[in-house]
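S.K.: Here is how the chains run, residue by residue.
Number of protein chains: 2
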Amino acid sequence: MSIQTPNWVKNAVFYEIFPDRFAKAKPPKNASQNFQQVEFEPWHDPPTIQGYKGGNLWGVMEKLDYLQDLGITALYFTPIFQSACNHRYHTHDYYRVDPILGGNEALQELLKQAHQRNMKVVLDGVFNHASRGFFYFNDILENGPYSPWVNWFHIQDWPVSAYNGDLPANYAGWVGNRALPEFNHENPDVREYIMQVGEYWIKQGIDGWRLDVPYQIEIPGFWEEFRERVKKINSEAYIVGEVWSDARYWLDGNQFDGVMNYVFTGPTIAFTAGDRVDRALVEQPDYTPYPAQNASEYAQHIETLLGMYDWEIQLTQLNLLASHDTARLFSIAQGDRASVKLATMLLLTFPGAPCIYYGDEVGLPGALDPDSRRCFPSEEAWDQDLLQWHKTLIQLRHRYPALRTGEYKILYAKNLVYVFARSLAASELIIGINAATEATEVQVSTDQLHSQPQNKLCGEGNWRWEKDTLVLSLPPRQGCLIG
Amino acid sequence: MSIQTPNWVKNAVFYEIFPDRFAKAKPPKNASQNFQQVEFEPWHDPPTIQGYKGGNLWGVMEKLDYLQDLGITALYFTPIFQSACNHRYHTHDYYRVDPILGGNEALQELLKQAHQRNMKVVLDGVFNHASRGFFYFNDILENGPYSPWVNWFHIQDWPVSAYNGDLPANYAGWVGNRALPEFNHENPDVREYIMQVGEYWIKQGIDGWRLDVPYQIEIPGFWEEFRERVKKINSEAYIVGEVWSDARYWLDGNQFDGVMNYVFTGPTIAFTAGDRVDRALVEQPDYTPYPAQNASEYAQHIETLLGMYDWEIQLTQLNLLASHDTARLFSIAQGDRASVKLATMLLLTFPGAPCIYYGDEVGLPGALDPDSRRCFPSEEAWDQDLLQWHKTLIQLRHRYPALRTGEYKILYAKNLVYVFARSLAASELIIGINAATEATEVQVSTDQLHSQPQNKLCGEGNWRWEKDTLVLSLPPRQGCLIG
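Just so you know, the sequences run in chain order G and V. With full-length UniProt numbering, the residue at position 367 of the first sequence is 367, and numbering never jumps. With full-length UniProt numbering, the residue at position 120 of the second sequence is 120, and numbering never jumps.
No lab work stands behind these hints: they were computed from the structure. Certain hints may be false.
Remember, identical chains collapse to one label, so a pair may be satisfied in a single copy or spanning two.
Said to hold, decoys possible - The calculated lysine to aspartate or glutamate pairs, modelled on EDC-like cross-linking and capped at a C-alpha distance of 20 Å, are: (1) Lys26 / Asp189; (2) Lys203 / Glu105; (3) Lys24 / Asp189; (4) Lys112 / Asp286; (5) Lys29 / Glu192; (6) Lys414 / Glu312; (7) Lys456 / Asp157; (8) Lys409 / Asp468; (9) Lys26 / Glu192.
Being a predicted model, the structure only gives us computed values, none of them experimental.
All chains, please: the whole structure from these sequences, using the hints.
M.R.: Given below as structure tokens:
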């Protein structure tokens with residue numbers, strides 16, 4: 001059977017929200033969870049590792065106009081379930097939205113409001129591990145070997161020591177972190193528990209799951225079953241895995257619809273930002289935005305990437321320049337706006353769903369965690385030029401189906417100039433990127449095209465057609481979209 | 001305004017269920033929580049402090065026929081919310097029924113089935129303290145002073161040490177127990193949180209709250225507000241507090257409808273079991289079933305008790321001979337069945353709702369915790385004589401309104417013979433108890449009565465009327481109910 005992925009994703013522009021930091025609003029007066037006395041860190045102070053800023057889903061709802069105006073059609077939230085941690089990857093309760101965020105009722109209202117705007121909502125599912133406070137693990141802390149839930153985790157010895165680092169933890173934790181006890185996925189009850197969580201929120205109306213470190217659940221058939229059960233409830237649900245590298249194993253059509261496409265991210269930064277990349281900010285996550293790449297190396301990477309997966313999968317990849325797990329490109333490129341703009345142009349003209357990390361569109365800086373998770377700035381601090389760049393490119397993506405689902409054809413890749421086309425039936429668009437600091441004129445052979453686009457849709461550049469050749473002049477560090 | 005208490009309670013016979021130990025059944029096939037691999041301790045092995053037997057609400061439903069046949073009209077459950085402890089006083093989640101018990105769906109089904117039988121359901125609310133795994137406290141464990149929930153508890157210093165007893169806990173726990181962090185009830189958010197829990201389950205259909213250690217919440221107006229909000233949803237909801245001694249402060253009509261009436265329990269045991277009481281089993285809980293009392297001392301206690309509260313309150317007290325917090329009378333009396341039968345007769349003929357501690361009706365023994373929480377025995381092990389005694393007395397209580405709401409008149413109290421009447425309009429019943437080991441004949445003046453009951457309804461004894469005097473012969477260690 002041929003691979004099937006959700007159509008809406010192919011046409012979506014995602015926005016990744018880190019809920020503690022994006023927006024904060026007072027709950028409506030009739031909200032049942034309406035805490036008055038809770039104190040949070042000041043919104044615009046630098047974030048700390050453990051502090052909460054108090055962002056919530058009520059705040060997100062107030063921002064829906066802004067997001068819609070930006071052109072966003074889908075929201076991907078980092079975890080929102082009850083968690084004793086500001087990033088909420090330490091799940092305390094898989095069935096409850098965190099009270100700080102507004103609880104389950106705020107999610108229901110958000111789903112309603114988002115869906116009214118034809119905006120989708122994808123949640124982050126952390127199913128490899130739970131937290132020390134998660135009920136089934138907490139019972140082991142309280143009752144030791146008497147706990148009926150001992151087989152839900154990988155207990156190695158007694159006593160387990162969850163909070164005292166002087167003693168061996170005696171259980172498996174994610175990357176050895178005792179705060180994050182790993183599930184025993186071989187236990188059919190655990191497996192069923194996770195499957196039911198997956199089903200539950202789809203039934204509640206979410207449009208898909210982003211799966212945290214899914215490659216660490218190495219149980220045959222696990223993700224196949226997850227897909228089957230989720231899709232049975234909503235055949236258009238999106239399942240996107242956090243896989244940083246070659247994801248062919250998971251993208252065979254039976255598991256995920258796409259992955260967090262860091263295989264796109266790394267080379268795109270290495271090409272557009274080049275030597276401007278601050279290595280200290282990129283050595284940790286495994287996505288190699290360095291060393292600097294020239295256009296030909298970049299083209300090779302892109303060709304390899306496009307050859308990796310079925311086209312149906314390519315169209316539902318989640319493409320990104322940054323996430324909560326990386327520094328922001330603006331900081332990686334040491335404040336070089338051109339790097340951000342060129343990379344953003346490549347992102348928004350690539351097959352697969354582009355995903356903007358909240359704040360990137362207004363030039364929010366951010367080094368490594370926790371700095372990469374600053375609060376969304378107030379309007380005075382927005383980089384309006386960058387914001388306009390994002391809006392324009394997103395609008396163009398929405399206007400031209402070729403930018404979403406058209407064939408990707410590399411036309412030219414030499415030195416620091418990279419030119420490619422997206423074509424869908426009669427519609428053809430050409431994107432030229434000059435990553436060099438000098439102006440350049442290149443002769444692009446366009447045998448692969450059957451038209452000669454004439455209109456500058458975005459960016460800077462001049463061109464003329466000489467028979468089948470596009471003679472393209474690009475100013476230094478500029479890109480141009482011709483359609 | 002005059003005191004108002006729920007009418008149904010005045011006519012109810014309660015049964016206290018310790019859910020881990022009463023009954024276990026397989027969940028229905030369509031239940032969403034259906035764990036297959038969880039192992040529990042063998043049902044009939046002696047209970048351990050930390051082990052689970054795996055009783056559940058599905059099992060309770062299977063026992064409803066039995067309970068109805070016994071004459072029970074109301075169930076009082078010790079805590080059923082998610083808790084990492086077999087007695088579930090360590091609440092982990094106030095909004096979720098424990099998964100072992102069948103989760104929220106099992107409670108919903110139980111409520112449906114119980115209400116179809118006109119049986120009420122009262123839950124145990126533990127609002128003085130939570131548990132170490134409770135979300136808001138767990139956040140403090142994870143984030144220390146960065147937690148937004150610091151003011152939800154009484155944190156005294158950092159770091160808090162919840163699991164390592166070698167360090168000071170640095171927070172207030174119930175009777176110094178670090179497993180049970182005490183709420184800061186002065187925080188309006190905490191107060192509101194508890195009020196909403198109280199409201200939520202009433203809205204879900206429960207018929208009342210038994211409140212754990214409510215006297216430890218010493219916030220003016222707290223229980224008044226709780227009553228007001230609960231009664232606003234269901235004016236017939238029952239609110240019964242765990243108060244072991246003089247409860248006038250809480251029984252002023254603005255707080256509770258009744259208390260766990262241990263002020264009745266102690267003297268009743270001291271009179272009926274006398275020197276048979278095993279002091280080792282009763283020294284701990286504060287309800288003085290020793291030293292032995294004679295009939296006159298017992299009468300004094302009862303008169304004092306009946307003088308303590310408004311009659312409307314008396315009728316909705318929760319009267320009991322044992323609970324999960326005490327040893328069972330059968331063991332306290334060192335296996336003396338007569339003590340149990342006499343005390344049971346006094347219980348079931350007293351104003352206020354009698355409450356049978358599960359298993360007491362079939363002679364289940366039980367020393368102190370955990371022995372007092374044995375699993376309900378299989379039928380071969382039932383004391384059928386005791387069971388029949390309970391059934392008969394409960395039936396009589398249902399048949400004769402005077403036993404429920406009639407005036408209580410002490411007629412005779414000398415040596416070890418105690419005689420009293422319950423009278424309601426034309427209906428009068430006389431109860432005679434001979435706690436002595438010798439047969440006795442007593443002359444009971446009945447000026448207070450306006451009739452001369454002639455029928456033996458239950459028990460052993462002979463009598464004749466000599467004008468206004470009842471000449472009553474009672475065999476050793478027997479009681480007689482005349483109506």
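S.K.: Would you pick out the hints that fail for this structure and give their numbers low to high?
M.R.: Hints 4, 6, 7 not satisfied by this model.
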